Structures are given as C-alpha cells and as structure tokens.
Amino acid sequence: MKANLDKLRNIGISAHIDSGKTTLTERILFYTQRIHAIHEVRGKDGVGAKMDSMELEKERGITIQSAATYCNWKGHAINIIDTPGHVDFTIEVERALRVLDGAVLILCSVGGVQSQSITVNRQMTRYKVPRIVFINKCDRTGANPYRVAQQVREKLDLNAVMLQMPIGLEADLKGVVDLVTMKAIYFEGDNGEVIRETDIPAELQEEADAKREELLDAASMYSEELMEAILEGTPTEEMIQDAVRIGTLSLELVPVFVGSAYKNKGVQSMLDAVTAYLPTPKDIHNTALDLANDEKEIVLTTNAADPLVSLAFKLEDGRYGQLTYIRIYQGTIKKGDTIINSRDGKKVKIGRLVRMHSDEMEEIQEAASGDIVALFGIDCASGDTFTSQDVSVSMSSMFVPEPVISLAIIPEDNKAQINMSKALNRFTKEDPTFKTFVDHETNETIISGMGELHLEVYIERMKREYDAAVEVGQPQVAYRETITQMAEFNYTHKKQTGGSGQFGRVGGFMEPMEEEYEFVDKIVGGSIPREFISSCDKGFKKSLEKGSLAGAHITGVRVTINDGSSHNVDSSDVAFQLAARGAFREAYQKAKPVILEPIMKVAVEGPSEFQGAIMGSLNQRRGMIVGTVEEANYTSVESEVPLSEMFGYSTVLRSLTQGKAEFTMEFATYKQVPKSVAEEIIKKFEAEKQKSK
Amino acid sequence: MLKEDLIKKNPLRVLNPLSPESLPDHRMGLVMARAGLGKTAILVQIAMDSMLRGQKVLHVSVGEDLGKAKAWYDDIFKYIAEGFQLENAAEIENELMRNRMIMTFKEAAFSRPKLEERLNDLVYQNIFRPDIVVVDGYDFGEADYESIMDLKEMMAAMNVQVWFSALRHRDDDRMSAAGVPAPCHEVDGLFDTVILLQPEQDAILLDIIKDEYDSAAGKVLNLDPSTMMVKEA
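If you read the protein sequences in the order shown, they are chains A and B. Note that the working numbering has the first sequence beginning at 1, numbered continuously upward. Note that the working numbering has the second sequence beginning at 694, numbered continuously upward.
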C-alpha cells in the first residue's frame with residue numbers, strides 16, 4: 001500500500017494509431033525495471049510488447065484493450081493505462097480517461113497532429129485531463145517536432161510550450177536539451193539506460209537560449225514569484241517547474257517533450273516530467289452522485305479513512321479467471337472486506353486483491369484512495385460503482401453512444417453455440433457500446449457496435465479466446481424511421497369471438513419532435529379510464545420498435561391522446577394496448593414517415609498527391625465533402641458519409657493511395673436517406689418480409 | 694420568413710442584383726479592412742447569399758483552420774435563421790451546406806498551380822463545380838501584379854466569380870489614384886469591385902470605392918458590429 005498520494009500518478013498514454021505508444025510503454029516498463037528485455041510491437045522475436053497481452057493485438061500490431069500496469073520511477077508509483085488508438089474503440093479510450101488523473105499525448109514527429117489525436121484530445125478536454133505531449137519518432141526521416149508543436153497550438157488549441165529541444169534530428173538524433181536545467185542529455189548504453197548530462201553543444205546554445213526565453217515567458221504567466229525572478233535574472237529550476245506544473249494542472253499550459261522511444265531517447269526525461277508536472281490524485285476533484293439525496297453531486301475526498309467509493313472501469317476474462325479493474329476514489333479497500341455494488345445493491349466479498357502488471361500480477365492486502373487495482377471473481381459490469389456498506393453513492397454515468405452497425409452471427413455447431421453465448425455475455429459486460437440480441441423473426445443472434453472494425457475484433461476474439469467459430473452475415477446499418485408531419489388517429493379495437501370480448505377506442509394525434517418519444521395524456525372526463533392510460537402508452541411504445549417502411553426503430557414521435565371510449569366488461573389492458581397499436585398504424589402512414597440513416601464524420605489523411613482520388617472516393621459514397629486542409633505535402637479531407645456506404649472503405653482507400661492514406665470515422669448524426677436509396681431499402685425489407693412468410 | 698424573401702431582401706442585392714445580365718460571371722471583387730473589422734464576415738455573407746440562390750461556393754482559407762471557417766458559416770446561418778425566423782431552417786441548412794466546400798491552405802502551401810490542381814480535381818471528377826470562389830487570408834503584401842493577374846485569368850477561364858479579402862496595415866498610408874489603399878494599391882486595376890470597411894461611431898461602413906458595373910451606385914451599406922451582419926444604412 002502506498003500511503004503518500006503525492007507520490008502516486010495515474011496516467012494514460014493516448015495517441016493516434018501507430019504513433020508508437022505501445023513501444024513507449026514498453027520502454028517505460030523496461031526503465032522502471034518491470035521487464036528485463038525489450039520486445040518490439042511487431043518484433044522478430046515473436047514475443048511482442050508486454051502491454052499487448054491479447055494475441056490478436058500482437059498479430060495486428062495494434063492495442064485493443066487498455067491493460068493497466070503499475071511501475072515505480074524515482075520513488076513515485078505510476079499506474080499506466082495503455083489506451084487503444086482506433087476510433088472504433090472510443091468507449092475504451094473514454095473509460096480509461098475517466099479514471100486517469102493525467103495523460104501523455106503521443107504525437108508522431110512526422111505525421112503530427114492527425115485526426116485521431118484530435119478526437120482523443122477532445123475527449124481529454126471533456127474529462128478535464130491535464131496532459132503533457134511527447135513528440136515521438138524524432139529519428140524518422142522528415143521529423144520536425146517544431147512543426148508538430150505548432151500544430152498542437154493550432155489544431156488542438158493547446159498552449160504548447162517546448163520544455164526540451166532535440167539534439168540532431170532524423171538519423172542524427174543524439175539526445176535532448178532540457179530547457180529547464182539548460183543541460184544536454186544523452187541516452188547511452190545498449191538500451192539507452194545510461195544517462196549522461198553535459199553542457200549544451202555550442203552550436204545549439206543560441207537556439208536553446210531563445211527557446212528557454214519562450215518557456216520562461218509562458219511559465220511566468222502562472223507564477224508571480226517566477227515573473228519577479230526573471231526580471232531580476234535569477235529564476236531557479238524549481239520556480240520554473242512549479243509554474244509549469246500550475247499551468248499544466250489548470251489545463252492552460254501543455255509542456256512538450258521530444259524523443260524517440262524506438263531509439264531509446266528521451267523516455268526517462270518524459271517519466272521525470274510525468275512525476276514533475278502531471279497531477280497527483282489529490283490535485284483532481286472527483287464527484288459522485290448521492291443516491292440517498294436525489295442524486296445530488298458530492299465531492300469525493302481522497303481520504304483513505306473515509307468510506308470507500310470506487311469505480312469498476314474494466315473487466316477482463318484472462319487465464320486467471322475474471323478480473324475487475326477498479327479505481328479507488330475515496331477510502332480504502334482490504335482483502336476480506338464486504339463492499340456494495342451501488343447499481344443493484346448486491347454485497348460482494350473481496351477474495352483477492354491484486355496489482356496488475358499487464359498480464360502478470362502481484363497479490364496485495366489493501367489499497368487506498370487514488371490507486372488502481374484489480375479484484376478477482378466479482379460479478380459486475382463495467383461502469384459499476386463499488387462502495388462500503390455505509391454509503392449510497394454512484395459515480396456519474398458515462399457517456400455511452402448508441403450502436404450504429406449490426407450483423408448477424410450464426411454458430412457453426414453446438415459447441416460454438418455454447419461458447420458464443422459465454423463470449424457475448426462477457427463482451428457486453430466489458431463494453432457498453434457492444435450490444436447483442438436475438439431477432440425473433442429470423443432467430444439469428446445480432447451483434448451491434450460502433451463500426452466494422454469494432455465488430456470484427458469481437459468476432460476474432462470469439463474464435464480465439466472462446467473457440468466459438470461463427471458464420472458472419474452482411475453488416476447492417478442501424479436505420480431509423482421518423483415522421484415528418486402531424487397526423488390524427490381514431491381507432492377502435494373490438495373483438496367478440498367467444499369468451500370475454502376486447503374493446504378500446506383511442507383518439508388523438510402524433511407529431512414530429514426532436515427527442516425520441518413522448519406520450520401526452522390529454523384525456524378529460526375519463527373517456528379512457530385512468531388504469532388504461534399506461535396501457536395506451538405501452539401500446540404506442542411497442543409500435544415504435546419496428547416501423548413499417550424498413551422495420552427500423554421509430555424515433556422523434558410525440559403521441560397525444562385526447563379522446564377514447566371504453567366498455568365496462570370488455571375493456572382491458574390488452575385491449576387498449578392493441579387499440580393504441582392500431583391507432584399508431586393508422587396514423588403512421590398519414591404522418592409521412594421517412595427513413596433515417598447514420599451519417600459518419602470521416603476524416604481521410606494522406607499525401608497531397610492523392611487528394612483528388614480521396615475526394616473522388618468519398619464523393620462516390622454519397623459523401624459530402626466539408627473541406628480540405630492542406631499543409632506542406634499532406635492533406636486531410638473532412639467529410640460526412642452515410643455509414644452504409646463505408647463498408648470495405650479501408651481496402652478501397654489502401655489500393656487508391658498505395659496504402660499511404662488512412663481514415664478515421666465516428667458517428668455524427670442521423671439524416672434522412674435520399675428518395676432513391678429509401679426505395680431500395682423499402683424494397684429489400686418487403687422482400688425479406690415475403691421470404692420469412 | 695421564406696428563403697425566397699430572404700434572398701430578395703438581402704442588402705447584398707446592391708452588389709449582386711438578381712438579374713445579373715449586367716454582370717459578367719467572372720467578376721473579381723475585393724474586401725479590404727484593418728484587422729478585426731469583419732472581412733471574413735462579409736465574404737461569408739456574400740458566399741451564403743450565393744449558396745441560398747443555389748450556386749456552389751468554394752471557400753478558400755489561407756492560414757486559418759477548417760473548423761474556424763466552418764464556424765463562421767454556422768454562426769451566420771444561425772443568426773439568419775433565428776433573426777429572420779426562417780422556415781424549415783434545418784432543411785435549408787442541410788441543402789445549403791451541400792453548396793459549399795472549404796479548402797484551407799497553410800500560407801506556404803497556397804499558389805495558383807496548387808489551387809488550379811485542386812479545382813481541376815473537383816471539376817473533372819464532377820465532385821464540385823464552383824460558381825463563386827471566396828479567398829480569405831490571401832497575403833497581398835507578398836504578392837505581385839503578375840501572380841494576381843494569373844489568378845484572375847484562371848478564374849475567368851473557369852468562369853467563376855471571385856472575391857478576395859485583404860488586410861490593410863495601420864501604418865501604411867500608400868493609396869492608388871482610385872483610393873484603394875496598400876497593399877492592393879498597385880493591383881487595384883485588376884478588381885471590378887472594391888469595398889473598404891471603415892469604422893464609424895456605431896457601425897462599420899461598407900465604402901464601395903470602386904464598382905465597374907455600377908450596380909451599387911448611391912447605396913450605403915453598414916456592418917452591424919454586434920452581429921457582423923450587413924444591413925442598409
């Protein structure tokens with residue numbers, strides 16, 4: 001257990017895909033002596049980097065899950081959450097950011113600020129995460145950290161201030177100049193583990209002086225003491241560090257460091273920066289909702305003696321069994337304690353408490369506020385709050401987007417069927433954006449999520465981790481239906497065929513609205529008895545599940561009932577539900593229903609020579625090109641494209657641009673589909689209906 | 694208010710009459726002002742007026758980022774939609790934004806061959822064929838007569854109307870015979886229309902110092918400094 005919160009950092013490493021965050025994390029673990037040899041992400045030795053513990057990640061060279069790991073650096077304990085870089089896994093990124101106190105934003109010194117970095121940065125801003133920037137890959141051809149720092153200012157709107165400058169660039173990268181201590185730092189030995197500090201090379205002195213001026217100017221904004229010292233010509237290292245730290249914590253300043261993780265340069269100084277500038281758990285205000293007091297927001301204390309409040313932010317089903325990663329915000333958790341899941345009120349006894357180092361673990365007896373640890377064998381979902389028995393609070397709910405794409409999966413045999421259920425059960429608990437259900441008409445299992453790659457990864461995991469081979473259907477876009485004008489209804493449901501009859505009449509109107517659904521009861525004089533009003537609501541809600549145009553979920557409807565009649569004997573809950581469904585059917589066609597489709601914000605980046613081809617490919621996909629950004633020889637095209645047109649786009653883009661362009665995609669909005677496309681969707685839906693009959 | 698009324702009542706009709714027989718398609722206009730007076734606001738309103746009339750607008754922004762240019766359109770549209778209680782605003786906005794494309798260039802990346810290449814990309818693939826191009830942030834201080842002549846010829850060949858904005862410097866008093874200040878005093882002959890923004894007591898005056906087609910003769914336009922919208926004085 002660590003008693004001293006000042007010496008604890010919970011940090012995330014976030015970045016654009018392929019900017020080298022897994023390599024960087026690997027180096028951190030090496031220098032902090034958690035591992036004893038360095039493996040590359042796509043290494044020839046077949047071992048793979050430590051943080052990519054899932055086989056699939058090793059194979060694809062990308063990081064899918066945010067494995068938490070723990071290390072020590074110069075007397076500080078650091079918990080690192082390695083976060084995925086692809087937008088399809090955004091929920092993982094957001095979940096990781098939630099439990100972090102600070103973050104390192106890795107940027108590639110050649111590629112600079114790319115679209116994913118912009119998304120991640122926006123998320124960091126949403127969760128108010130103080131950050132530092134590490135400009136990696138300074139050894140690459142075309143490296144220009146100054147340009148990247150400028151992009152951080154322009155594209156990310158951050159007050160980026162260089163605290164280091166590189167000594168040499170590209171193949172000549174030798175080390176860094178620390179602008180606080182005004183020393184040159186070289187990283188020597190086989191793995192850069194021997195640090196040698198010398199004077200700044202004479203040819204860099206002038207530039208270093210100028211850069212230090214810039215640093216002092218920026219830092220002095222946050223400290224009177226430093227400002228005065230600068231005027232007197234006596235600023236100390238400590239004063240500069242304190243001022244930079246204040247600026248960083250207030251999110252007004254972002255210190256920038258440079259290096260190359262792959263060439264073992266600059267990683268240790270970045271670790272120093274993590275401990276010097278990123279917040280301790282005490283620096284961050286965390287709040288929870290008081291369930292006993294109408295969900296009023298309360299501030300958590302970080303005091304280890306206070307009642308426990310912790311958040312389960314990640315579940316993992318590994319070879320040791322089920323692991324639940326928790327972040328403790330307040331209080332202490334001990335082995336043998338009984339805690340409560342505030343979502344369902346269930347009591348949970350803590351059997352084993354461990355600290356994780358990627359896929360290895362260390363057994364511990366207790367952990368206190370601020371820390372990130374894992375529990376064994378707890379049944380819960382990601383995002384659940386665990387507290388001690390004497391309090392009733394919940395961490396505020398996280399922002400969870402609705403899935404936009406789905407596909408049918410069919411197990412190949414009986415064994416696969418059983419394993420598939422297990423896998424789906426696990427995945428849906430781990431990832432709230434991944435959903436599954438059985439389509440009652442086709443009896444197929446449908447999975448849905450945030451993008452093609454998102455679903456692909458789960459299908460792969462099903463095969464590898466659960467031995468569940470499944471056949472995969474065509475991806476389906478989650479269409480929606482809505483109405484465009486007001487329409488009235490007056491429907492009588494009557495049935496008298498033996499036994500007790502059914503009778504109910506509902507009158508009123510439906511109209512378009514912004515929100516999903518609203519039911520307005522304007523019945524006066526009891527023409528529909530009180531007890532059946534909710535039956536009407538239920539009937540309308542049921543009708544929303546499947547629209548008549550494309551069988552899609554109906555949204556944006558306000559239903560008002562203002563008339564009706566009932567029968568003493570024959571009226572019942574069911575009768576009014578059926579009457580409401582009849583009324584909905586009657587009015588829906590009159591309300592001019594339309595089909596809506598998910599529109600994605602698609603950003604494609606690549607060398608300028610391919611701009612024409614990129615724009616053409618987006619245009620062919622019914623995309624609306626919002627604009628282009630051209631810089632040096634690199635262009636990014638921003639567009640809005642219907643999701644249904646984006647299937648297989650990565651392959652098309654790769655062949656169009658010789659693999660030199662890449663794209664990111666995130667959900668933007670729902671928009672009405674053009675008439676010709678709507679007709680096709682309706683035709684297809686009709687054909688499927690016929691087939692299932 | 695309906696879209697058609699909005700078009701008719703737009704004070705910018707002074708510059709772009711609805712029956713444009715008198716105006717050639719490849720007119721070249723210039724909006725000049727000191728920093729912060731509303732050059733971009735005027736360019737965006739000229740663009741927006743064209744978009745409302747169903748024309749395609751290419752907005753070229755030199756030095757600014759895409760988000761900022763886009764925000765100008767969003768803000769001006771929002772102001773129009775709310776201020777004039779535009780009917781079917783969401784639908785019109787959707788339709789309008791399809792008539793616009795934004796291209797942003799870093800200062801060093803902007804040149805006639807680059808722009809021509811990009812325009813050709815758009816036109817040949819039938820992605821977007823602009824009727825009007827607005828160029829915001831072009832550095833006239835660094836440009837010579839030939840390069841602007843070159844741009845003018847290119848736009849004329851493509852048959853598009855083009856509007857530039859130019860930044861006036863406080864400490865540069867040079868001026869052409871026609872009253873066009875530096876840095877455009879030596880190239881003023883290339884422009885058919887020149888508008889100078891002059892700050893006055895409680896509004897910013899759109900001083901139309903030159904208009905080859907004389908459609909704006911005798912009209913005085915203002916820019917409301919709080920909304921950045923053009924109005925008749």
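Just so you know, the hints here were simulated from the structure itself, not pulled from any lab data. Any given hint might turn out to be false.
Unchecked claim - Part of the chain A face toward chain B, derived, beta carbon under 10 Å:
#, residue
1, M221
2, V524
3, G525
4, G612
5, G616
6, L618
7, N619
8, Q620
9, M624
10, E630
11, S636
If you're wondering where the values come from, they're calculated on a predicted model, not measured in any experiment. Heads up, the beta-carbon is just placed ideally off N, CA and C, and yes, glycines get one too.
Each hint, compared with the structure:
no., hint, result
1, M221, "violated, 23 Å"
2, V524, "violated, 33 Å"
3, G525, "violated, 37 Å"
4, G612, "holds, 3 Å"
5, G616, "holds, 5 Å"
6, L618, "holds, 8 Å"
7, N619, "holds, 4 Å"
8, Q620, "holds, 9 Å"
9, M624, "holds, 6 Å"
10, E630, "holds, 5 Å"
11, S636, "holds, 8 Å"
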